[in-house]
Each structure stands twice: as structure tokens, then as C-alpha cells.
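The whole structure should be built from the sequences, with the hints applied where relevant.
Listed below are the residues making up each chain.
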Amino acid sequence: MPQTKILLKNIGTPNSEHIKGYLKNGGYKALKHALGELLPEEIVELVKRAGLRGRGGAGFPTGMKWQFCASDPKKIKYIICNADEGEPGTFKDRILLEQDPHSLIEGMAIAGYAIGCTQGIIYIRGEYIYAARLLEQAIEQARAKGYLGDNILGADFCFDIKVFLGAGAYICGEETALLDSLEGRAGRSRVKPPFPVNEGLWRRPTTVNNVETLCSIRHILLNGDEWFRRLGTSECPGTKIFSISGHVNKPGNYELPMGTVLRDLIYEYAGGIRDGNKFKAVLPGGASSPCLTAEHMGVAFDFYNLARAGSMLGSGALIVMDETTCMVGAGLSVARFFEHESCGRCTPCREGAGWIVNILNRIYNGEAKLAEIDLIVELADNMRASSFCPLGMAAPNAVVSFIKNFRDDFEEHIKYKRCPARKDLDV
Amino acid sequence: MSDNLVSLTIDGIKVSLEKGSTILDAAQKKKVYIPTLCHYPELTRFGACRLCLVEVEGFRKLVAACTTPATEGMVVHTVTPEINDMRKTVVELLLLHHPLDCLTCDRGGDCELQKLAFTLRVTGDRFGFKTEEYPVDDTNLFIQRNFKKCVLCGRCVRVCDETRNVGALGFYERGFSTVIGYPYNKLVNCEYCGQCLSVCPVGALICKLSAYEARPWQVEKQRSICAYCGCGCSLYLEHKKNNLVKVSSEYGMGANNGLLCVKGRFGYDFVGSEKRLTSPLIKVNNSFKQVGWAQALGYIADGFKKVIENKGAQSVAGAAGARCTNEADYLFQKFMRAALGTNNVDSSVRLEHAPSISAMLGALGVAGATNSLAELKQTDAILLIGSNITASQVIAGIYVKQAVRQYGAKLIVIDPRSLEISRFADVWLRPEPGTDLALINGLLHIIIKEGLQDQEFIDKDTIGFADFLQSIKEYTQQQVEKITGVPAGQLEQAARLFAGAKTGSIVYGMGITQHSQGTDNVSALINLSLATGKLGRKNCGIYPLRTTCNSQGVADMGVLPDYYPGYTACDDMDGRRHFARGWGVDLPDKKGLYLPQMLEAAKEGKLSAMYIMGENLLSAYPERKQVEEALCALDFLVVQDIFLTETAKMADVVLPAASFAEESGTFTNLERRVQPVKAAISPPGEAKPDWEIIAGISNACGFVMDYAASREITEEIGRLAPLYKGINSEVLGTDGVFWPLDDNNKTGKPYFSMSDFYEGKGRFTAVDYQSEAENSEYPFMLITGGILFHHGSGAMSNRTKGLNYLNATGYVEINPEDADRLGLVEGDLVEVVSAGGKIEVKAKIADRYRSGIVFVPGNFIDLPVNKVMQVKADGASHMPAAKLTPVKIRKVT
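As they're listed, the protein sequences go chains A and B.
Under the working numbering, the first sequence has 157 at position 157, and the numbering climbs by one with no breaks.
Every position in the second sequence, counted from 1, becomes a number in the working numbering once 427 is added.
Read the hints as simulated data drawn from the structure, not as lab findings.
Heads up, a few of these hints could be off.
Taking CB as the label site, the calculated pair distances span [claimed, not checked]:
#1 A:Lys192 x B:Glu677: 30 to 38 angstroms
#2 A:Gln137 x B:Asn612: 21 to 29 angstroms
#3 A:Glu367 x B:Gly439: 44 to 52 angstroms
#4 A:Asn277 x B:Thr531: 53 to 61 angstroms
#5 A:Pro14 x B:Asn612: 49 to 57 angstroms
Just so you know, even glycine gets a beta-carbon here, dropped at the ideal spot from N, CA and C.
Printed below as a string of C-alpha cells:
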């Protein structure tokens, strides 16, 4: 079955990263349409009707966010593109940034028009330096052609974009920490409320949208909300780029309608499990999500159905694990990631993330007591319920799901000092 | 129900409170206990410790009470099994780092984590292992930081940044390794205020000065007032077995809102110094002999009597310092006037703010700040002139900084020096030293020229505008630029900023008053207030920054040769009669000698005896030689103080007095707030409170003063002194009152309305700048002043261990360019020479001053800069002005 390429349609076409290639592919038509024929509030309505949800992970309805921001009476506002793609297993934004940057620029300009702001900022992770340079060139090209700058396309609308490089913190992908980082401070989440749509960057109303979300905008404008709703599921319309990695034969980005089931994702598109091994588990939404197992092969991948299955879609990053995976080791590597990335502000996340690593380490080495397996679960419950921001709430998800689904792996490490999945492992 | 209120239910209790409040505010209002660690009043909502999680019906998740706004109809539960479990885990996680050495921890028994662990019955055993050791940080001289005990609540970081606006602390590293530290691990801008200590919930921050002195339950706390500058900060004197072990404060208390500076918090141990005077001393054959009180008092009475019999009452005089209580000051002048029969009584106010008194009485009829310190925070524009406010009146300085950074005020700083406050300024004018008057007149000229004055206010509420208009005609931008060196553009900017603001206040220090035109300077500032209509209402006022704890009070009490208590003029017959009746004696009708006149008279042999209380005149007076010669010429000198100061060494009788921690009474701070001072401990040896000593002398002289306690004197003041009418110990409460009270206002007036001024008007005073001739032989201009770590002439602060750690000796600050020219490097010994004298001092190279200006702090007993200073009297106020002295600098080889 072929993919449903809408966002990825330009990828691979000649000069796709250059405005020449982009224009050849029908670029900036949506912006022309917006400025020429639509009122800002009509665009907000259109996006709302289309049912577009944020593709960064939280799945908040984009149109609603725009409306909150647009209706705030303060004059200066900002639209920020969150290109701090940091969720382990996610690499979908990168391909858009590197090969179709104008699609993002066009989306941001339309968003700026709809919200009523003149300044856009792309917050891009420091490691994406190549993409950042490309973006800057693309912005320059757009300016030269009058798609950015003063009185764009002759309309009474001025808009420009700056690129800001992050300095290497996962937490800066959280929108309020991103704002702190933009303001020159260490990235740490802010108290909410106030929400960024009312008091964001420099305490001005600010909309923060993911790259994939903003790239979808021009398609909605050109093809209409009904077209968009026909894609995907009724609750979550549209397509989604799934980043599939791990023990599959063909890892990569796959753009498919929302609601594609796990079996198709792995066996139809990603070429099945490597070496003919058996599937063991998948983290469906990056390192923050609880795992799914073989019994979930029929789960449709969208925000709602994955939530019903006890997990989350997140940014759509599938990390696939086969039968040779030691779940204690996998848990440890996820836990180490969160220990390293916790900002240190709130007690449960700062201390909890550290102690989980501590306990897991000892389980891995067979030094822990059996009761400590449950201690992790208890600690995790507390972290999820009491952490300050989504990082701490999500940090123990994967580890706890590993314990729940593969408890034997953990117990054998302790009881017999061996790993059932990896016979070669000498604990 | 009002639109501004929301009501909600917490644990079944209905609460309604202001919109924008949090669930925690609501709970605290109804005394529903929700545990917190990172929360602290007035600091930004942080929500980090997660102890205050509560359940709100209809919410998906638990929320932090300290950050979640209370909304209409909310139903909140603060205790559920889930919440309890969560809180236990949080405390448990914190205890994993925290060494359980409560037995030897300085905060044991006074620790919020300990309380939480106790309440929730948590030990941290569940995880069964501990973190690695981490060395304590001893970088700070006063504060030890124990990282393992730190709960990372961030209170210290936030109080340093948001309240003090210093920002010496921050979070470093991240996640599990997060610690609190200094930028680049260096104490870059710590001001040693110790505010971080006062907010730390656990033993992570320990005061090194008081550590292990006492367990929290062993100390008694006495609330009182700080004895240093004029801000009048409320503090707790913590004492154990008659020893002062610590000074602390509490959020929200007093004029200082619980804030203290380095001097107030760490400068208390002079009280327990071994060098305190402990018994009366009489000089016999040039050495002091310890005697009993009866003998000393008799000796003094005889001494005064002999002089008066021989040379008349006008041959005795009294001078008081500004550190004594109102009660002592009141008795002092009553003794001089009623018992000895002379108006020759003056105070060290003559050396600091006499020009403010004379200018303000003349223009407004009141002498004192017109508004309260707290109002500074709400003021739209502040004009600060002639004050290193963040060093000498730290708390007032904090309010100015908060006004700018937290409340968005505009700040105009006028000072030739580069000060800490300068970087908060919107406009910073740097006039040539001594040209302030021309500059202020220049601002007024611009305001009138551009029509920015408040004409309605001027017409209705002021007198003398026409004459004043004439007087500023000459002060065009070009002219003023020529005199002051301030570019015309900057002048215009400042004038527009101040005149255009809705509310504005003028704050000034001794850079204005200690000049030969000091009174004119103050008058010009009052003119500026009047012309812009920034007087006589809330958030619009003028603030003379008083330098000592009772500078305001000592003048209010009439320790002035020309005024009885409450600024009743000596030549006002009704006023004199009022006090004569009150004291039961006839009173002299001629005004007495001002302090400089006393010294002259002594040298000329017209004055033969002096009684000096609480002032080391030899150090404090700007011309040391004057005092030396005068005191040597006296027949009889009585000095009453807490140390054997240089002045006391010249006395015939020395009387040991109580310090602020050992004496009760009242101080009046720079915002006219009369505040109760309460003795915490008893004085050392035979030392006695000042008022008791004065009463003793008076009784020995045959004029009966019969007071059982200082509060009886407070009551007498409240009966007799017009401004203090109705003030007594009950009315004062704990926070004090702003004078004056009236019948329906028992807390006094934080700000004056126009009707509070003389005849309800403000008077313009035409004042003209007079330039001074330059002196090529002495090419440098010497400025003296105070520094953050010491106070006044150093009598108290030089005798504290802590403050001397920070800065024990004086120096001369020289601009790098001048230093290069003179071939000086840091630490070189130089000679500062004026026409009057010279001192040797080490050079400090710094660019706070422009080339041609040098600075020597006046705070060090060991560095008598007043040997160099030269007095030029301010005509109107008899102020011996010496802010500026022309000097030359020589390297000592």
C-alpha cells in the first residue's frame, strides 16, 4: 500500500528546499489565498472546522489555540514554531525542515495573519544546525520574493521570522520552558496559568505550534476542511508522519492517515521485524509513552485510540523492540534519559527520576530486592500525579509499562541473576 | 457579591476572597493547613516542592494550591489518602539527600522539613540508601551552604533576585545534580544581607556568626528597632542568658517589611564587646578611675554648678548623638533647659540634615519625610539625588529598586558617582560636584519653559511662584550645561520624565545637605516638588534620608538650640510658656548656640562645660581640629557613651550607657514613624539606660526628674510635644505610628496632605547658585561618605567582628586615569593633603568616580578623614558643610 503523501509530497522533488522548487510545486498559493480572500477569523474557523490537532505530542486543537491567542486584547503577539524535536525516536520534523522549509514558512505566515501578529520565531534544537542554516536561507529567499516582510503580497500585513537555536535540553521542547529559553534563561517550565496564549514570550500572547502542525496549514487552506476531515479518523482528521525506528527492517518516516493500525505500521510499511524475530513491544509515542505489546496489533494510531489502549500517540515515534530486548536494560536507558533531562525544579521529577535509575541499575545487576520492583511503580505513580510539568509526568511511563508487561524480566534479574531475553547477558 | 471576589469551598469551609488569589491564599485565610516548602509570601509563585497538592472536584489531576488561582464555586479537598501519600513521598524524597543530623544541626527544632517529617511520620527509610557526600560551601563569610540539606525550594534565589534585586544566587546544573550556587562559583555581587538565611526553610544555610550559640528553644526573641541608619528596621533580638546571639526578622514586619541589611543583621556584636564601658569613670591626674554612680553624679552636679555660678548658665552646653532614644533625647534637652537654664543644646543632626529642617520648616512648616517609605514602591517617577542609597539607607534603596524593577517606576539618578543604583536609572545625570543647585534650577527652567508645571496646583496650593519664576530665568539649558557639565538633552529628558509622571517623589541624601548651600539645595528640591504638583498626596513626596536610627527623633525632641520639642520656636512666647508650665520652671528666651558656635565659644573661653551624650564628636565632626581645640579648652566635660571613644578619653567624667539592645523607649525613623524600642538584655556592669543617667544627674543638680520607666517619659512627650500629641506605649503597638496623630486617626499619617502643611500651602523659595573658586594647588575634589558595610563614624560598626571581616580599614578611592598619572597602583600608601591637614591612607583604584574626584569613607575610627576636611558653614542652618574638600594626592615613598 502506498503512503498518503501530503506533507511529504515535496520531499525528494528537485530543489524542494529552495523557493524555486517550492514555487514550482505550488508554493505560497495558500498564503496568497489567505491574504487575498480570507479574513483572519475565517482562517481560525477553517482550522477549527478541519479538526487539526497539534502534532507535537499533546494533540491540542490548533484552531482553539489560535482563537485564544487572537482574541487576547494585547497588541503585540508572537507565533513560535517549536522545532526542538527532542523526543527520542522522533525525526519527522527534521525531514520537513531540511527538505521543505518553505512549507513551514508559509504556514507560519498564515498563522501570523490569522492570529494578528507580525513576528514569528522558529525555536530549533541546536543539533539541527544544518536545518537552521537552510531555514535562514529560505527565510531570506521568501523575503526577497515578498512572502515575508512589510505589506506581504500587497496586503496590509507585515510578518517576519527569526531562527533561534536551542542549547541542548529536552525540556525546552515543553512550550513554557522554550519561552524561558528564548528569553535568555535556563529552560525550566513556567507556572500555568497564565497560559502562553495569554502571557507567553515577554508576557505577550504567544502561540506555540509544532513544525508538522504548521506545515499542514497550507493544505487545509487550499483543499478545505472537508477534504482534511476525510483523511484519518473522525476524532483525529488528517495524516500523520510516523517515525518508525528500532528492530524493524525499514526504519523511516511514513506519512499515513491517522488511525492506521499498529500491524500495518510495522509489517506493511516498516518491513516487519528484523531477522524474522518475534515482536516484543513498541513505544508508540517516543520515550514518554507506555509500551504496547503483541495483543495491541489492531490498535488504531490516533490520539484517542492510543489513549484508550493505555498509551499515547505523542509525536508519533514508534520505537519497536523484538524478542531479544532486555526490558530492564531498555527501561534503564529510558530512565537515564529522563534523569539527565529533568530540569531539577520540582521534587518528584528531580528526585524521582534519579532514584528510578538508581533502583533499576541495581535490579539490572541483580542487587535489588524483589519489593523494589513495586517501589518503582509506587514512586512512578507519585511522579505522574504530582510533577510540575509534562516531563515529570511522562518520565516513568515506559519503565512502569515494562514492569507491568514483562515483570518476569525484572524478577529473573533479581532472583536468578540472568536475563530471560538475552541469554548472553551475564548479570 | 462584588465582582472582585470569588468564593469557594475548602474542606467544607466557605471562603470568599479577592480574584487572582490562589487556593493556598484561600486556605490560609481560613487557617486550613496545607504544607508548603517553596512558597514564600511576595515571591513569585514557584510550585516546585509539590507539597501543597490538593484535589479540586472536576479537575483531572491534583493541582498545586500555591499556583492555582481560586475560581468561583471551586470545591477543594486538602486531605485525601492520595494526597497524603503524595506528600509523604515528596518529604521522603527530600530526606534521601538530607542528612538526619538534626541533633547537631543549628536549625534543629526550627526546621520546616523536620516539622513535615514529624507531622507525616516519614523517615525516608523506604528507599534504604543515601546519596554521596557533597562538600559544604564556605565561600560566603557569613553564610555556610550545605548542599545536602538543601531542598531546592529556591526561596533564597528568588528573594535575592526579586526582593533584594541583587541576584547573587541561581540554580546550577539540572535534574538530580541541581544545586544552588553563585555565578561562576564566585561571590560576584553578594551584599551579605543574609536575607537568604531568613527564608531558608531548613539548615542548608547557616549563619556562621551565630551557629551553635543556642538551640532555637533556648533563645528568647525581643522585637525592637535597628540602631544603624534612619530606615528604622524592625528586627528580633535573639538572646540567651543575657547575651545577644542573633538578629533575625520575619516577613512583613515593620517599615522594612522584614528585610534587613548587612549592618542590621550581622553588625550586632558590638553590644557584647569586651570594650564596653561598665562603670562611671572620673579623670584623676590624667587617668581614669572607676567610681560608683553616686560619686559620679555628685561630681558632675558640682562641676556644672561651679561653672554656672562663676560664668552663668550660658557657659554650659549639651550635644547629643542621634543613636539615643526619643526619651533620652527629650530628657537631655529638658535637663539642659529646665535644670541648667540654657538653650545651648544641639545634636549631630546639625552635621547631617540641619538644612532639611530649616528649608522644610520654612517652605512647608514640617521637618521630615512627607510620605512613607512603602509608598516609594507605588510611585511612578523617583528623583534620587546626592545619596548612595543602597549603601547608606539600604532598605529605602531596596524600595527604590523594587519600584523600578517590580512596579515599573521611572528613576532619575543625579550623582557624579557611579553608584549601584545608577544601573537602575532611566536617566542618570552626572553633574560636577557641588553644582546640584544649578542643575535643579535648570530642571525647573525646562519645566516652566515647556509648560510642564502643574499650574492648577501652583495657583491653589502654593505661595511665592512669581518671585520664584524670576529666580530661575538665568538657568537656561546652555548655562546649566556649562556649570554642571550635564548635556542639555539629558536635562530635558529628566525634566520631562519627572514632570510628566502621574506621581513622583524626590529622595535625597547628604550629598545635598552637606554643602555651603545645603539649605538652598533642599529649597530647590521643594520648589521642584511644588512646581510639578508632586506633594501633599499619596505617592508624592520628598524624603530626606536620615542617617541614624533616631536622627529624626532627636530633632523632633528639640535637641536644637532654636526649637523646643516638636519644633516650637524658642522665641515663640506661647510655646515657651507651654513648656515652662509643663516643666514647672522659667525657661531661657534666647536661642542657644549651634554646635559649631559652641566649639568657637569654647575656644574663645565663653563656654566652659559640656555634656556630650552618645556621639563621638571628634570623629563625627567634619573638622577634627576644631573639636580637639574646643574640648581641650573646656573646664569640665562629661561624656556619656557605650565605649571609651576618642571624645570620651578627653572627658573629666565618663558615664557608661546602655546600647539599643539594653534600653527601652522609642526611635523615630526617617518616615516619621515613631517605633517602640525594647530592651532585650540588661546592660553590662554598672551601665544604665541614657534616660536614667540624665535623670540621675538632674536629680543631683536639684531639678527633680522622677520617672519609674521610660514609658512615663513617652507619655510626657505625648502630653507636651505638639507633634507627638497622643502618642503613648498603647498607641504605639508593635508597628509604631506616623506623627502626627489626631483624634480620629490613631495610626498617624503615612503621607501629608496639603492641609497638613503650614497654612495649607507650600512656599516657593527663590534660590541662586553660587559658584566656588577653583584652587589649582589642590586639584582633586575629596568626597566623603558612607559605605555599605559600616555606619556613621564607625563607633558601633567598627567594633563588630562580622562587618570588619568584610571591610576593616579605610582607603582612598582614585580613578584609574589619575592613578596612572600619579604612578599609583592598588594598595600604595598615599598622602591626602588639604589646606587644613593631611592623612595617610592606602589607595584603591576604581572607576566609580571621574578623574579629579577622590573618595574617602568617613566610617572608620582609624582613618580620621576629618583631619583633612574643611568646613564651610551653610548660612541658614549653621551646618558645618564638608561634603567636598579640595585636596592634593601624593604617593608616600
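We went through each hint and held it up to the structure:
1. At about 31 angstroms, the beta-carbon gap between Lys192 of chain A and Glu677 of chain B stays in the expected band of 30 to 38 angstroms.
2. Between Gln137 of chain A and Asn612 of chain B the C-beta distance comes to about 41 angstroms, which lies outside the given range of 21 to 29 angstroms.
3. One distance hint, 44 to 52 angstroms for the beta-carbon pair Glu367 of chain A and Gly439 of chain B, holds here, with the actual separation near 49 angstroms.
4. Distance hint for Asn277 of chain A and Thr531 of chain B: a CB-CB separation of about 59 angstroms, consistent with the stated range 53 to 61 angstroms.
5. In this structure, Pro14 of chain A and Asn612 of chain B meet the distance hint of 49 to 57 angstroms, their C-beta atoms being roughly 54 angstroms apart.
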